[in-house]
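Novice: Sequence:
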Amino acid sequence: MAWHRVPTVSASKLRATYGDGYNDISQRRDISVVGEQWFPATERVVGNVTDRSGSRSVVLRFRGDALLASGCRCEATEHCDHILALICAVSGKVLPIAEVTTSEEARNEWRVAVRLLSRDSTTAVASQVPETPTAVALFVAFSATDDLLAAPAIPGPYGQGEWTLTGVKWQDFAPSAPLGRFDPAQQVLLNGLYRLAERPVGWMSLSDVGPQLWPLLAAARAAGLHLFDAASTHSGIVMPRGVVQVHDDLEIVAAASDGRHSGDAADIHFTVHYEQTTVHGQQLRLLGPRDAAHGIYWADTGTLHIGRLDQSPPPTLARLLERGEPIVVPRPHLSEFTSGPMTELGVPVLDPHNVLATITVEGPKAVLHIAPAPQVFADDEATFLISWSVRYWLDGESHDASASTVDADSFRDQAVEEDLWQRLLPCLHAVASYTERADTSRLSAQQLLRQQRVDADVVAPIVGEVLPTFTDIDDLIIDIDDQVPEFRPADVAPVVRFGAAAEGLGRDWLNLQITVEIGDDRIPIDTLIRDLATDADHIVLPSGVYITADLPEISRLARLIHEARAVNELSDDGKVPVDTANATLWQEILECGEVDDDIAEWAGSKKTLALTSRPERLPVPATVHAQLRDYQRDGFDWLAFLIANNTGGILADDMGLGKTLQLLSAMAHTLHSQPHARFLVIAPTSVVGNWAAEADKFVPSMPVAAVRSKVKPGDNPMRRRIEAATLVVTTYALVRLDPSTYADQVWTMVVADEAQAIKNDAAKTHKAIRSLSAPTKIAATGTPIENDLMDLASLLSITIPALFPDRPTFVSHYRTPIVKEQDADRLAELKRRVRPFLLRRTKEEVLQELPSKQAQVVLIDLSSKHRTIYDRRLNLERQKSLELLADDPKHARFQMLAALTRLRQLSLHPGLVDEAALAVGSAKVDYLTTQLPQLSEEGHRSLVFSSFPTFLRLLRPQLEDVGLRVCYLAGELSPGERAEQIDMFTRGDADVFLISLKAGGSGLNLTQADYVFLTDPWWNPAAEDQAIDRAHRIGQTRPVNVIRLVAVDSIEGKVVDLQSTKRHLAQAALGGEQSFAAALTDDDIRSLLM
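Numbering (the UniProt record's numbering), first residue to last: 1 to 1090.
I should point out that these hints are in silico values taken from the structure, not numbers from a laboratory.
Treat the hints with care, as some may be off.
Claimed, not checked - Cβ pair distances, simulated, as ranges:
hint : residue 1 : residue 2 : range
1    : 861       : 832       : 43 to 51 Å
2    : 315       : 466       : 56 to 64 Å
3    : 481       : 396       : 18 to 26 Å
4    : 832       : 377       : 41 to 49 Å
5    : 344       : 425       : 28 to 36 Å
6    : 315       : 96        : 39 to 47 Å
7    : 822       : 625       : 46 to 54 Å
8    : 861       : 823       : 51 to 59 Å
The beta carbon of each residue, even a glycine, is placed where N, CA and C say it ideally should be.
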């Protein structure tokens, strides 16, 4: 809704007109005003005023800031209270603009001017009382309501043309006034004015004098009475602003013109002519009553003109003159105007330019305009304006008008236009579906007609695809500016081409040039990607040819290039590392187009390394004394492929699938083509002997050196053994302590067995192995991911350092989206990138003949004394942890981990935390001393794993007391002692093998056992899986039973829950799962403890 502020009516004027009535109106409770509205076309306020006598419609007429007239239908002859109430209610207030002003009243303004003004609206406010009179001899001035006033004046006391109203008044010229003070002739004339005006006071209204005014004015001029134009009606001494000129026998005429509306309408002006001068109607004011006006007056520079009319104008003309504006008649309405209302004006109508001649109007039709939009800067991207208009033809000449608004002064037919747009609604929607880029089904025709500024990708399909469907629509005209390109869809598919830029292929960098060819057009890929980044639906070429942005080959290429830049494989200036190992990424990129000859060799190497098909099936060397299973043949072929291409990888088969045999077979194969090849295997201490034994068993012709101690300076025999060996097997600790012994050798392949031991890339062992020089490095581990995705990144940094060379980039591009944001697409991307370099098979996939594995959780209730000790300690640790979190949160993690360890020990045996509680005993010890003898009697052999060697040492004598033969393996044993314990169990000289989870959880082949007991759950499930696979592996002939002992209502239950979350991470990254987890977080620790 629009609003308008009503002019303020002076309180002094109202008080002068209404007297005490003005002061009383605000106190009256029986009168109210409602429904006030402003009508701008006629400058009216209309409101409903209600009092005891009923409700009436009251009208106030304004001209500019002045209240011109008012009207009410009540019986009051003057000083109407209803008018006063409305004036007080709206003076200076903001009123709503009546809605009719935008339609019927605006279209028919000329009718309103002719007909409305014939109604009675005669009551004026304060027209008789000027605010501050001015002075002249017979001074004539305009009142606040444009009335013509006069007052007598006498010369001022200081002369020099001054006049003053002080000391003279109209009563001085009454018939009873004494003579002699003034010039007799002038006094007689002023006496006549006094009598005709019926005894005026102050300033006299000349409208009250009547036609007798004119002979008096003529006599006044003859008698030398001065007539001056007063600047105002203020009292005091004033100087004349100008003179008053009196004219005889003037005539009002009407004149038609088209100057203001450029032919769309005719303007009817009212004029007066005198002495070759034309005065227009907006300057003219009538003198005398509206229905019997006898004169006219106006002002120009220095002169106030008063003229006698040769005849009184009709009332209609008088009201039109009061209106002050020309009558505007739309061209289509001219016939109606000239045939009737024009004759009612009562004056001649002059038409020197023949603008009142009727015309032929044809139309409308809709016009769709497309033109370039103005550019602020020369290098701005080109944009276009899409707009709608309606076109009419006036006497055959076309005229366009805005479609969104209907001009009240125009020749248009709104109803016909609305029907036109309804018929064209499908066309509006067709265009708006591109300009709005949204569902337009709920938009009205007026909303669809808004002008739009759009980019080339929006206008191109409109011109190229939408407009051709409009050609048979009679009511629609298409207007396309000559500067708009000839947009058209491409008639050929885009071709992506890869080649070298001017700098070509260097030693370290390839300057890659990627272009897209569409017919004769060639565009750089960066331009294409920039357009795609704006979410453009189409890509427009300079020639005007365009393609859709959702072409699979284009959108896929853009996504891959975005990835390449995110992982630093492609710089902004097109540089690619020549030795990049991100083979699958470049293979996918290069598949999107054609490769030029100058980079064909480089592209071919990436395609080969991407391993798009199964590696060539190779014969197993005759030097290998073993029958490889099919999946082992696949692993052997894959390893041989990596060695042949001088790259590395991760052999991530489940524990027990024969990774050692596959690696030995690959070494034997390499020796056929490289007789002097040498291999280094780095493994945990516990499996060095196993490697030497397996090599001697499967490849007896290959010289092996097992290094179990640091090579001392001057120990030439050991150095000669190492140099003479084809295969050297050593430990992680020795590589860390004696790196030069191994760094000085030339290796064909370095193998890190049980590589989960080197997942910490900040550790010295990791750095030492990474610094070893070898074209191929293999990480062999059944658990490439134990806790976190960074475990995988750490192993890749050793085996394929050129795949993800920047750790922060791996974190931001892979780890954060996958682990924190659960981004399945990013996980799938990571799997594709590591696929050629990571081979993983599970036992379930490849060993159908492997006996089953049954796992169960046995809940162990703590004894009452044990429970009391546990609960007391739990509360104590919780309280301490809360205090640490409050006082020193940075160091709380370490202390809380220590608390968790104590609680885990306490769940096993209270004596592990407090020796004084050894006598309390352990329910888990009681369970094992009961179950294990029974199993032994049935012919079963058992492995018992614990994270705490101290518990195993407590358990051993109690098992021996019940007649069991027990072996023991933990980190404190020497290599010889370890080997002795393992041999003892494998020979069958022991019933139970007690094993520390850390010292013996990997690298051992203990298929002689078919029962595995896990006495205390560990939050890393991979560690437990490795322990179980000591028995459940190739060579096992009996079902394996896994028993997890979990203390009821203890921290162990929460650890089991956490294990399942951790297990999902490895399955998601290496298998087909879609849920992710991270390492043991602060929240994990708090949840375990609290």
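Novice: Now look at each hint and say whether the structure bears it out.
Specialist: Here is how each hint holds up against the structure:
With their beta carbons about 50 Å apart, residue 861 and residue 832 fall inside the hinted range of 43 to 51 Å. The hint said 56 to 64 Å for the Cβ distance between residue 315 and residue 466, and at roughly 59 Å that hint holds. Distance hint check for residue 481 and residue 396: the Cβ-Cβ separation is about 24 Å, which falls inside the suggested range of 18 to 26 Å. For the pair residue 832 and residue 377, the beta carbons lie near 44 Å from each other, so the given range of 41 to 49 Å is met.
A beta carbon spacing of about 43 Å between residue 344 and residue 425 contradicts the range 28 to 36 Å that was offered as a hint. The beta-carbon spacing between residue 315 and residue 96, approximately 32 Å, falls outside the hinted interval of 39 to 47 Å. Take residue 822 and residue 625: their Cβ atoms lie about 49 Å apart, and the range 46 to 54 Å holds. The hint said 51 to 59 Å for the Cβ distance between residue 861 and residue 823, and at roughly 44 Å that hint is violated.
Checked against the numbered hints given earlier, the structure breaks hints 5, 6, 8 and satisfies all the rest.
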